[in-house]
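**Student:** Take a look at the letters that make up each chain.
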Amino acid sequence: SQQGEEDPQALSIQEGENATMNCSYKTSINNLQWYRQNSGRGLVHLILIRSNEREKHSGRLRVTLDTSKKSSSLLITASRAADTASYFCATDADQAGTALIFGKGTTLSVSS
Amino acid sequence: NAGVTQTPKFQVLKTGQSMTLQCAQDMNHNSMYWYRQDPGMGLRLIYYSASEGTTDKGEVPNGYNVSRLNKREFSLRLESAAPSQTSVYFCASSDWTGGTEAFFGQGTRLTVV
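Protein chains in written order, with my numbering: chain A, 1 to 112; chain B, 1 to 113.
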């Protein structure tokens, strides 16, 4: 079964608003990553947060990680129409040699 | 810099036919992966290769085989295609399996009729 579960499944906002997506996972992890997928394209890496980190920033992105709750959130501030995409969290389990497991994703729609 | 290249981009197969999806990366990555993406299901791991010479099953390996031909190339074979294998297939690579960014190809859209 899939490790990560994003919430909400779909999110619609206006340009300039903030978008928050959540990810819950099941087992202990080494790292959690967020990816973005534009329609019909491959996934693009956004940010990686390690299990010993609680918060990380990259431009307009802010990621938090709560390992006690097995959850992470991705905040996109001041959203733009170009942020319209699907966003996925991915985890690698706390054992050597395991592959990234993805959640089902959140579809974000930003209207101008 | 090409990154991860998948061929073909589109394919239609008849039930029972076989085919091989090709993937090559030019980033000298050790690990390579095959995922399938279905509507509402996100990406599911089919097989992966943590390093040259090794392959492991993922979440949904049934009906597929893989070959890590060399460090650059990782192919996915459908021996007898079924309509349930209609999907978009993504190949990815990363430096190692843990704690490193994965780079994705543009996908292969496969339809089995």
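Think of the hints as simulated: they come from the structure by calculation, not from any bench. Don't take each hint at face value.
Claimed, not checked - With a Cα cut of at most 30 Å, we get these calculated DSBU-like pairs of lysine-lysine:
#1 A:Lys69 / A:Lys26
#2 B:Lys14 / B:Lys57
#3 A:Lys70 / B:Lys57
#4 A:Lys26 / A:Lys70
#5 A:Lys56 / A:Lys70
#6 B:Lys14 / A:Lys26
#7 B:Lys9 / B:Lys71
#8 A:Lys26 / A:Lys56
#9 A:Lys56 / A:Lys69
#10 B:Lys57 / A:Lys104
#11 A:Lys69 / B:Lys57
#12 B:Lys9 / B:Lys57
#13 A:Lys104 / A:Lys56
#14 B:Lys57 / B:Lys71
#15 A:Lys70 / A:Lys104
#16 B:Lys9 / A:Lys104
#17 B:Lys57 / A:Lys26
#18 A:Lys26 / A:Lys104
Said to hold, decoys possible - Beyond 10 Å from chain B on every Cβ pair, some chain A residues (computed):
#19 Gln33
#20 Ala90
#21 Thr98
#22 Lys104
#23 Ser112
Even for Gly, the Cβ is constructed at its ideal location relative to N, Cα and C.
**Student:** Compare the structure with each hint and give your call.
**Tutor:** Against the structure, the hints come out as follows:
About 10 Å separates the Cα atoms of Lys69 of chain A and Lys26 of chain A, which keeps this hinted pair within 30 Å; it holds. Pair hint Lys14 of chain B plus Lys57 of chain B holds up; C-alpha atoms about 25 Å apart against a cutoff of 30 Å. A hinted pair counts as satisfied when its Cα atoms are at most 30 Å apart, and Lys70 of chain A with Lys57 of chain B qualifies at roughly 25 Å. With a C-alpha separation of about 7 Å, the suggested pairing of Lys26 of chain A with Lys70 of chain A holds against the 30 Å cut-off.
For the proposed pair Lys56 of chain A and Lys70 of chain A, the alpha carbon gap of about 16 Å is at most 30 Å, so the pair holds. Between Lys14 of chain B and Lys26 of chain A the CA atoms are separated by roughly 38 Å; this puts the pair beyond 30 Å, and the hint is violated. Taking the CA atoms of Lys9 of chain B and Lys71 of chain B, the gap is near 22 Å; set against the 30 Å cutoff, the hint holds. A threshold of 30 Å between alpha carbons decides the hint, and for Lys26 of chain A with Lys56 of chain A the separation of about 21 Å falls inside it, so the pair holds.
Among the hinted pairs, Lys56 of chain A with Lys69 of chain A is consistent with the structure: their alpha-carbon atoms are about 17 Å apart, no more than 30 Å. Taken as a hint, the Lys57 of chain B and Lys104 of chain A pair is honoured in the structure, with Cα atoms around 20 Å apart against an allowance of 30 Å. At roughly 28 Å between alpha-carbon atoms, Lys69 of chain A and Lys57 of chain B fall within 30 Å of each other, so this suggested pair holds. Distance restraint check for Lys9 of chain B and Lys57 of chain B: the Cα-Cα separation of roughly 24 Å lies within the 30 Å cut-off, and the hinted pair is therefore satisfied.
Among the hinted pairs, Lys104 of chain A with Lys56 of chain A is consistent with the structure: their alpha-carbon atoms are about 22 Å apart, no more than 30 Å. The hinted pair formed by Lys57 of chain B and Lys71 of chain B meets the criterion: a straight-line CA distance of about 18 Å does not exceed 30 Å. A distance of roughly 16 Å separates the Cα atoms of Lys70 of chain A and Lys104 of chain A; the hinted pair therefore holds under the 30 Å criterion. Note on Lys9 of chain B and Lys104 of chain A: the hinted pairing holds, with a Cα-Cα distance of about 23 Å set against a maximum of 30 Å.
The hinted pair formed by Lys57 of chain B and Lys26 of chain A meets the criterion: a straight-line CA distance of about 20 Å does not exceed 30 Å. The straight-line distance between the Cα atoms of Lys26 of chain A and Lys104 of chain A is roughly 14 Å, inside the 30 Å bound, and the hint therefore holds. At roughly 7 Å from the closest C-beta of chain B, the C-beta of Gln33 of chain A falls inside 10 Å, breaking its exclusion from the interface. Not every beta carbon of chain B lies more than 10 Å from that of Ala90 of chain A, the smallest distance being close to 8 Å; the non-interface claim is violated.
In this structure Thr98 of chain A is not separated from chain B by more than 10 Å, as the shortest Cβ-Cβ distance comes to only about 6 Å. Not every CB of chain B lies more than 10 Å from the CB of Lys104 of chain A, the least distance being 4 Å, so the non-interface label is violated. The beta carbon of Ser112 of chain A is kept farther than 10 Å from every beta carbon of chain B, the shortest such distance being approximately 26 Å.
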